[in-house]
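Given the structure of chain B, go ahead and fit chain Z onto it with the hints provided.
Chains as they are written, first to last, in the working numbering: chain B, 4 to 122; chain Z, 4 to 229.
Keep in mind the hints are simulated off the structure, nothing from the lab.
Being a predicted model, the structure only gives us computed values, none of them experimental.
Incorrect hints may have been included.
Simulated crosslink set (EDC-like; lysine to aspartate or glutamate; CA at most 20 Å straight-line) [unchecked claim]:
1. B/K114 / Z/D113
2. Z/K210 / Z/E72
3. Z/K210 / Z/D148
4. Z/K210 / B/D121
5. B/K114 / Z/E72
6. Z/K210 / Z/D160
7. Z/K210 / B/D28
8. Z/K210 / Z/D113
The lines below spell out each chain.
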Amino acid sequence: MTRSHRQEGPDRLYVITSGRSGGADDSLDAVTLVVAESEPVPGMQSEHARILRLCRNPTAVVEVSAHLRLPVAIVRILLTDLLDTGRITARHPRPAPSPAHPLASPDVLEKVLVALHDL
Amino acid sequence: MHSTTSESPAPEPPSGTGPPDPPSSAARPGPAPGGAYSPLPATVQQALKIAVVGGFGAGKTTLVRSVSEIRPLSTEETMTRAGDGIDDTDGVEAKHSTTVAFDFGRITLDATSVLYVFGAPGQERFWFLWDRLFSGALGAVVLVDTRRLRDSWYAIDRLEAQGTPFVVAHNDFGDTDHTLEQVRAALDLDPAVPLVRCDARVRASAKQVLIALVRHVRSLVTGGSR
Numbered sequence: 004m005t006r007s008h009r010q011e012g013p014d015r016l017y018v019i020t021s022g023r024s025g026g027a028d029d030s031l032d033a034v035t036l037v038v039a040e041s042e043p044v045p046g047m048q049s050e051h052a053r054i055l056r057l058c059r060n061p062t063a064v065v066e067v068s069a070h071l072r073l074p075v076a077i078v079r080i081l082l083t084d085l086l087d088t089g090r091i092t093a094r095h096p097r098p099a100p101s102p103a104h105p106l107a108s109p110d111v112l113e114k115v116l117v118a119l120h121d122l
Numbered sequence: 004m005h006s007t008t009s010e011s012p013a014p015e016p017p018s019g020t021g022p023p024d025p026p027s028s029a030a031r032p033g034p035a036p037g038g039a040y041s042p043l044p045a046t047v048q049q050a051l052k053i054a055v056v057g058g059f060g061a062g063k064t065t066l067v068r069s070v071s072e073i074r075p076l077s078t079e080e081t082m083t084r085a086g087d088g089i090d091d092t093d094g095v096e097a098k099h100s101t102t103v104a105f106d107f108g109r110i111t112l113d114a115t116s117v118l119y120v121f122g123a124p125g126q127e128r129f130w131f132l133w134d135r136l137f138s139g140a141l142g143a144v145v146l147v148d149t150r151r152l153r154d155s156w157y158a159i160d161r162l163e164a165q166g167t168p169f170v171v172a173h174n175d176f177g178d179t180d181h182t183l184e185q186v187r188a189a190l191d192l193d194p195a196v197p198l199v200r201c202d203a204r205v206r207a208s209a210k211q212v213l214i215a216l217v218r219h220v221r222s223l224v225t226g227g228s229r
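One chain only, chain B, in its complex shape (with noise of 0.2 Å):
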């Protein structure tokens, strides 16, 4: 069993994003950690509804897209109806690596080290 997301067909995804193809917040990245606000209620879009009991502990963007089987630019396109309506907040990775300053401050790399250590 292949379980790639082409075989859904694009009439699935083209529905669940009601048509579209663009408009998520560029702030999501993939590691964005995502926590639900509110439960699912009555007809909710069922990927929403998902996305929010997936999320009633932080999950990264790529973690929605894994377990909701779905490409991560519609997971972005879902997680942006919710933000909008305040039904997740976004916990963002740390602004500081930047083009220009790609690298983590030392604080950051020595928990790093110290965690792969203990790994």
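Okay, now just chain Z, sitting in the frame of chain B:
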């Protein structure tokens, strides 16, 4: 309705790089919310990422699995390219977007932070996706297989051009014919870039690769003292 297909334009083996055993906890009827997947503590505020890039079969998925605290997950990134929206009159699906599969794992660092480790095919045609997915990454590991060294060349060039810190790891499939010096020469690798040997199947070895990367980044941060 236009047809935006999600199919890789180059259906050769590396595309879609199916992880060897995807049907995992995530594969069955959707997520068991808060159940089948292991949630992060509610206190986690910040996520970091490291990218592991390499050619097909270089061992990216294996390395991710070795260090991850969860069974690696797999998903896809899609990007629509110029030319999208052209009407397709004969009903044949037009290939207007590119989809690339990637795997990732997770390491909880402490109560407030988590590290995601991504495995991604490093060939040239995929980088327009990685540029976005990996921007802001702590750094990258280029995993090389001496049987397919050329698969690594582009990734190395690209990371150098981006200024993304990286290390190169030679995944040793019992290949003791090549010394690290030979690998370094074959890759024409900058002397400042660490090169390590690893066995991606072994956690202790795989984690040393990540440690080598973070130490390298730290040396860059603290003024380039090596």
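Report the numbers of all earlier hints that the structure fails to satisfy, in ascending order. Per hint list: 6, 7 violated.
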